[in-house]
Amino acid sequence: MNPAESIDHKHFLQHAYDFVGKYAAIPYDDMMSASNWLGRFALRLFWQLPADKYRAFRTQMFAGLPADFKGRLLEAPVGTGVLSLPRYKDLLEADITCLDYSSGMLGAAYRRAEELDLTDITFQQGDVGDLPFAKDTFDLVLSIDGLHAFPDKEAALQEIQRVLKPGATFTGCLYIRGENRITDLFVRTFCTWRGFFTPPFDTYASLRTHLERYFREVRLTRVGSFAGFNCKK
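For what it's worth, the numbering used here labels the leading residue of the sequence shown as 11, then goes sequentially.
A hint or two may mislead.
[Said to hold, decoys possible] Label-pair distances were calculated between CB atoms; the ranges are:
#, residue 1, residue 2, range
1, R191, Q134, 36 to 42 angstroms
2, R198, D100, 35 to 41 angstroms
3, L102, P210, 36 to 42 angstroms
4, R172, E125, 30 to 36 angstroms
[Said to hold, decoys possible] Here are the computed lysine to aspartate or glutamate pairs in the DMTMM-like style, where the Cα-Cα straight-line distance is at most 20 angstroms:
#, residue 1, residue 2
5, K80, D105
6, K175, D212
7, K175, D78
8, K99, D18
9, K243, D140
10, K63, D155
11, K80, D146
12, K175, E189
13, K32, D105
14, K99, D78
15, K145, E164
16, K63, D39
17, K243, E227
18, K242, D146
19, K242, D149
20, K243, E164
21, K242, E164
22, K99, D140
23, K175, D140
Calculated directly from the structure, the hints in this document are not laboratory data. Keep in mind that this is a model prediction, so the values were computed, not measured. Cβ coordinates follow ideal geometry from the N, Cα and C atoms, glycine included.
Let's have the full structure, built from the sequences with the hints guiding it.
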């Protein structure tokens, strides 16, 4: 993808997620949190995540975030914060910054934080491929379902590596191709077409090689078409 195409795709992705954040946050959150029958149906049909696998998926995405984490944490992207923000209520000694490229998603996350009375979180609009932070700033970067969406994955990984302190943690989860034909078809024909996901996508095998270009001690897990990762700078 050349620079002009990358800029155009960023705008396409931003528009797609702005729409979700402003007009479809409730059904999006219902699916992500499996909070009603329609959300659970979508998880089962499109993502092949019945109840037991969904529980494992939720466990996997936060496996690298200690329950007693203290320090500076960056979540990128935060999305609507439906899954992460409730966890932050218990991180009383953490300095948390939530970043998203989409103002719509960021607005939805900010409103959720207000509902949860989370007053100490910083919300910032920004590009993960050009992070507005100094080198060696964060003790942990959390990316839930972000890497498969980023238009420039190499720039994103380089920037995440740059803003992490030496020995700090990069953790989260993402979609990987090649695990389920139904999910792969849905990603190709809807998620990519609508601008929510950006190819190319890693397989489980290629993800390790990809992350090892930037990080060490890479540990991976897998639930259906989603991989969890935990690695160090």
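Now the hints, each set against the structure:
Checked against the hint of 36 to 42 angstroms, the C-beta distance between R191 and Q134 comes to roughly 39 angstroms, which is consistent with it. At roughly 38 angstroms, the beta-carbon separation of R198 and D100 lies within the given 35 to 41 angstroms, and the hint holds. For L102 paired with P210, a C-beta distance near 40 angstroms keeps the hint of 36 to 42 angstroms intact. Restraint check, R172 to E125: a C-beta distance of roughly 33 angstroms satisfies the suggested window 30 to 36 angstroms.
Between the alpha carbons of K80 and D105 the distance comes to roughly 8 angstroms, so the proposed pair stays at or under 20 angstroms and holds. Annotation: proposed proximity of K175 to D212 is violated, straight-line Cα distance about 26 angstroms (limit 20 angstroms). Taken as a hint, the K175 and D78 pair is honoured in the structure, with Cα atoms around 19 angstroms apart against an allowance of 20 angstroms. Under the criterion of a C-alpha separation no larger than 20 angstroms, the hint pairing K99 with D18 is inconsistent with the structure, at around 37 angstroms.
A distance of roughly 18 angstroms separates the Cα atoms of K243 and D140; the hinted pair therefore holds under the 20 angstroms criterion. Using a Cα cut-off of 20 angstroms, the hinted pair K63 and D155 holds, with the two alpha carbons roughly 16 angstroms apart. Between K80 and D146 the CA atoms are separated by roughly 16 angstroms; this keeps the pair inside 20 angstroms, and the hint holds. The straight-line distance between the Cα atoms of K175 and E189 is roughly 33 angstroms, outside the 20 angstroms bound, and the hint therefore fails.
Our distance criterion of 20 angstroms between C-alpha atoms is broken by K32 and D105, whose separation comes to about 27 angstroms. Between K99 and D78 the CA atoms are separated by roughly 11 angstroms; this keeps the pair inside 20 angstroms, and the hint holds. Restraint check for K145 and E164: satisfied, since their Cα atoms lie roughly 17 angstroms apart, inside the 20 angstroms limit. For the hint pairing K63 with D39, the CA-to-CA distance comes to about 18 angstroms; that is within 20 angstroms, so the pair holds.
Of the supplied pair hints, the one linking K243 and E227 holds, its CA atoms being roughly 9 angstroms apart against a limit of 20 angstroms. Distance hint between K242 and D146 is fulfilled; the C-alpha atoms sit about 13 angstroms from each other, no more than 20 angstroms. Restraint check: the Cα-Cα separation between K242 and D149 comes to about 10 angstroms, which is no more than 20 angstroms; the hinted pair holds. Straight-line distance between C-alpha atoms of K243 and E164 comes to about 15 angstroms, which keeps the hinted pair within the 20 angstroms bound.
Between K242 and E164 the CA atoms are separated by roughly 17 angstroms; this keeps the pair inside 20 angstroms, and the hint holds. Taking the CA atoms of K99 and D140, the gap is about 28 angstroms. The hint is violated against a cut of 20 angstroms. Only pairs whose Cα atoms come within 20 angstroms are accepted, and K175 paired with D140 is accepted, the gap being roughly 17 angstroms.
Hints 6, 8, 12, 13 and 22, counting from the list given before, are not met by this structure.
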